[in-house]
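> With chain Z fixed as given, assemble chains D and E onto it according to the hints.
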Amino acid sequence: MFDLFLDDAPALVVVLPLIASAIIAFMPSKIWPWIISMIVLVFHLALSLHLIEEVSISKIIIYEFGNWEPPWGISFKIDGVNSGLQILFSSFVLISTFYSRKIFLNEIEAEDTGKAYSLWLLAIGSLNGIILTNDIFNLFVFLEISALASISLISLGAGLNRKALLAAFNYLIIGAIGATFYVIGVGFAYAMTGTLNMNDLIIQLSQYSEGQLAIFAGMSFMLIGLMVKAAIFPLHIWLPAAYSYAPSAVSTLLAALATKTILYFFARLLFEVFTIYENYLIIFLDFILFPLSVIAIFIGTLIAIYQDDIKKLLAFSSIAQIGYITLAFSLRDHSGITSGFVHIFNHALIKGGLFMSVGYFAILYKDRVTLSSIKGFGYKYPITSFALLICGLSLIGLPLTNGFISKLYLFQALYINQMYIPIALVAVSSALAVVYFWKIVEQMWFSDIKPKPEKEDPSIYFPIWIITISIILFGIYSSPIIEFSTLSADYLTQGLQK
Amino acid sequence: MSNSFLLLLGIATPLIAALFSYLTRYNNNLRDSFGIIGGIVTLIISLRVFHGIQSNEIFEITLFNLFEGVDFTFRVTPLGSIFSLVASSLWIMASIYTIGYMRGAGEKNQTRFVIFYSIAIHAALSIAWSGNLLVLFIFYEILTFSTFPLVGHKQNSESQSAGRLYLSILVGTSLIFFLPAIFWIWLETGTLNFQDGGILINKFPTEYLSFLIALLVFGIGKAAIMPIHRWLPAAMVAPTPVSALLHAVAVVKAGVFSFLVVIVYIVGPDYLLQTNSSDWLVWLACFTIMASSIIAITKDDLKARLAYSTISQLSYIILGAALASSLAIKGASFHIITHALGKITLFFCAGAIYVTAHIKKVSELKGLGFKLPLIFLAYTLGALSIIGVPPFIGSWSKFYLIMGSLEREFIFVAIILGVSSLLNIYYLLQPVVIGFTQTRKKEIKLIKSPLTVWPPVITGIGCLILFFYSDYFIHNVNRVIT
Amino acid sequence: MNNFIYFWNHFAFILLMMGGLFIIITSQNYLKKIVGLAIFQTAVFVFFVSLAKVLDGTAPILTKSLSVYSNPLPHVLILTAIVVGVATSALGLALVLQIYKNYGTIEEKEIENLELKSDK
Chain Z
2 MFDLFLDDAP ALVVVLPLIA SAIIAFMPSK IWPWIISMIV LVFHLALSLH LIEEVSISKI
62 IIYEFGNWEP PWGISFKIDG VNSGLQILFS SFVLISTFYS RKIFLNEIEA EDTGKAYSLW
122 LLAIGSLNGI ILTNDIFNLF VFLEISALAS ISLISLGAGL NRKALLAAFN YLIIGAIGAT
182 FYVIGVGFAY AMTGTLNMND LIIQLSQYSE GQLAIFAGMS FMLIGLMVKA AIFPLHIWLP
242 AAYSYAPSAV STLLAALATK TILYFFARLL FEVFTIYENY LIIFLDFILF PLSVIAIFIG
302 TLIAIYQDDI KKLLAFSSIA QIGYITLAFS LRDHSGITSG FVHIFNHALI KGGLFMSVGY
362 FAILYKDRVT LSSIKGFGYK YPITSFALLI CGLSLIGLPL TNGFISKLYL FQALYINQMY
422 IPIALVAVSS ALAVVYFWKI VEQMWFSDIK PKPEKEDPSI YFPIWIITIS IILFGIYSSP
482 IIEFSTLSAD YLTQGLQK
Chain D
-10 MSNSFLLLLG IATPLIAALF SYLTRYNNNL RDSFGIIGGI VTLIISLRVF HGIQSNEIFE
50 ITLFNLFEGV DFTFRVTPLG SIFSLVASSL WIMASIYTIG YMRGAGEKNQ TRFVIFYSIA
110 IHAALSIAWS GNLLVLFIFY EILTFSTFPL VGHKQNSESQ SAGRLYLSIL VGTSLIFFLP
170 AIFWIWLETG TLNFQDGGIL INKFPTEYLS FLIALLVFGI GKAAIMPIHR WLPAAMVAPT
230 PVSALLHAVA VVKAGVFSFL VVIVYIVGPD YLLQTNSSDW LVWLACFTIM ASSIIAITKD
290 DLKARLAYST ISQLSYIILG AALASSLAIK GASFHIITHA LGKITLFFCA GAIYVTAHIK
350 KVSELKGLGF KLPLIFLAYT LGALSIIGVP PFIGSWSKFY LIMGSLEREF IFVAIILGVS
410 SLLNIYYLLQ PVVIGFTQTR KKEIKLIKSP LTVWPPVITG IGCLILFFYS DYFIHNVNRV
470 IT
Chain E
4 MNNFIYFWNH FAFILLMMGG LFIIITSQNY LKKIVGLAIF QTAVFVFFVS LAKVLDGTAP
64 ILTKSLSVYS NPLPHVLILT AIVVGVATSA LGLALVLQIY KNYGTIEEKE IENLELKSDK
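Chains as they are written, first to last, in the numbering used here: chain Z, 2 to 499; chain D, -10 to 471; chain E, 4 to 123.
Since the hints were made in silico from the structure, they are not lab data.
Careful, some of the hints might be misleading.
Stated by the list, open to error - Computed cross-link-like contacts, EDC-like style, restricted to lysine to aspartate or glutamate with a CA-CA straight-line distance of at most 20 Å:
| id | chain 1 | residue 1 | chain 2 | residue 2 |
| --- | --- | --- | --- | --- |
| 1 | Z | K451 | D | E147 |
| 2 | E | K35 | E | E110 |
| 3 | E | K104 | Z | E110 |
| 4 | Z | K164 | E | E115 |
Isolated chain Z, as found in the complex (with noise of 0.2 Å):
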């Protein structure tokens, strides 16, 4: 019998999300919204270790809905590229709905509980879906669905802070405006080859080898769409205030998972769909979208050593790193497109454990944590603490964390490429987020209070030490990211020139 499920493995991964988010949207238990939440995970969990199993076997898995033939269907696609990315999501989201229990508890209503858990998992489904999705309507589809779940999630955090719903607002905006530029772009793609499958698109787009205007033009309207999704530079600015209005657990969510899965989709249609075009994409990746990644990365440090507010220093922070894997994908090559797929995964760790941890101290004290609010927490709070100190150290890329992997392979593909003083530049950046790094822990350590520590709740600690320990292990063996996402770019890099 279970075979039957198997079989239809890749839509239930994203289904079995939303079928659950539909039942516990209106239970008034406190409880039990997060039981179920919890029980489906770890059976999404299990299907997305069995596709994984299945991937590695027949190297593709084309998954066709409702039995329609391509072109005419909408299917979904996992192969290489995004086998391992549905692992982390998969990892990841159950260890942050485990996290999140007792967070929502402190920060939303006791009543919306199943109303949080049912956005949770609707935010989680779509998500899945952009990373498995091989239609770019159908991605369209999944992008609102998790902008949407999204929006609502971080206006939860109104309890707290009205600026949330404020957030909520400048993001539904600025979500909706780039994801109708990406409709734009669809509409364009649709209308010059006929077809919406991406497989079929890069078939169809062969007949036009030389490159139209509309097509040109449908696909920088792709391209941007996802930009403002992406929180890519200039098109970022929704994401500071939505992830530190947010509640923690969302923000959590959001800062590890979101932005990356459309990084991956933006490889895809970069690298897959978009290759033939040889001239457009040195245009745009090398004018456009790497002196913006270059830009991004100082812009995010230098505003972020300026913050009061931890969690605004997180998701400026997030902007830089955001900045890192663009300029990686932007170098075109195999040794690029590695490095950015390693980082996006590194990174998804990274943040996670840092915004978990923040989000500890969050709903210890129901105010802003900022820095003067966390003094002396590396005393009061040591087993926390330490996690952040490791997640921050990760970030800033020291040796035996998996942020020093990320920045390794990084500095190798620009090395390969010759990019001389981007080198300097990153290296420079890797030096001022120390700056605002210091600080943290110069107000958690070296203040001038030293309290008593303070026992703490181990179903919180719990999942933030798991993905710390995942920091160091993949730190020392982080064999398994870098075949992932060497596997990627060896996808990726199929119809690449260079």
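For chains D and E alone, coordinates are given in the frame of chain Z:
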């Protein structure tokens, strides 16, 4: 017992000692004994390794692969065998001394002290036996983090600000200068392994070599070249066993050792000599030597004076590395041994004077020489070794260094070394002179503390006697650069 | 000149789209922003549906007598997009309501002032 196993045992022993010290923390004698036991075990292993290097044995073990071209490897180089011998032999002395000092001075939190002390020794040994630059960097950082609680041990505001300065300078320089240099080397050569003759030749662009050397010498903050030297005098607020072992032996020696090992096994002295890329460093080291000697003269606090003397002596080693001639490097390598022995004697004596008579300042040492003859005798022996007079072992390394500077025709450098010795005579022997010539007005109470007296006496006599057994060390020194 | 007439749907689309974006960017009132968003999105929908028209095609419902149909696929896609647009507007309106409850106003400037005052 295979060589690889020996290596791992040596590295693990201080950690095991730390663990046992923690487990026996309620029994003071048992807890403190593990430092000594650990020291004896590591000394035996270090001697075996030292000896083995003389017969060209290989001590190597690779644990796992970190990333492309870099494994987690331990491997003993001739230079590494020198450093590990120094660290482990003096650990025993320091452990005995620590017992006397901590109990005599009534320091609190002795368990925490012993545990982090052992971990620091572990880090120092791992640095000595690291097989490549990344492993060295990892344990270099571990050394910083494990010595930080030792520096701030007293937990008063002075110690805290000293601790902060210590941490920020050392971690800051290593992240901002050292780590990028390591990245750069890896990018250009694809490896970080230590090899005879270095790995940069023919691979690293010559025009950037001076810049790389700058990144390295300022990034290895523990080598305390100016202006990265401020942490050393600040760290003197720590209890003297910390100053003695760590800042005369382990921490600072880890710094200059790291720099020397990078010059010899990564950059390659030949490459340096071909390109003259480190000549600027020769002058910076000379400046540091002179400036810190002059500052030392102005210091009345004995430990501060010894701290600046250390900065000066460390730059001797950096000077030797920068000169890169065969004799200079051998002199620098040998200086690791001689300075460690001499300086630890001096610091032990400073601490003993504090424990016995509660005196910290040089000016207050009047007439104390007659009351504490053994301590002053040990001090004199150590001082003479640092100054570099025969028949003390320090004279050998100084001789090599002077010869090395002449080998490269830097006559001015040789003169500076000579002048520095004169300054050493003044500021190192002044306490002895004050102790024996001036008379005391008030009588002071003396607290006998034999455990703080015998270690310096032993190391001081060692400075004298080992002069005649220098051959034993010269064997390894000669293998550093072929 | 012919182009203007032949491609009139493109120009209408551009006008509407830019109009919607202009409203979003320049209006101070949150409600107006949502209206602007709706206009912007409607412009896109109108455009694609207009692209679906095949000359001399009829409504895409199978009949025995007719053989040329307009393309139904864009209609279907746009239906989905309309639904998404409706949901977005609904969510936006709900948010505006909450903002009004929390701030007492839905003018951007006034809310900024309120936040500045409370930050002091």
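> Now tell me if each hint is right for this structure.
Comparing the hints with the structure gives:
no. : hint            : verdict
1   : Z:K451 / D:E147 : 16 Å, holds
2   : E:K35 / E:E110  : 10 Å, holds
3   : E:K104 / Z:E110 : 17 Å, holds
4   : Z:K164 / E:E115 : 10 Å, holds
Hint compliance for this structure: no hint is broken.
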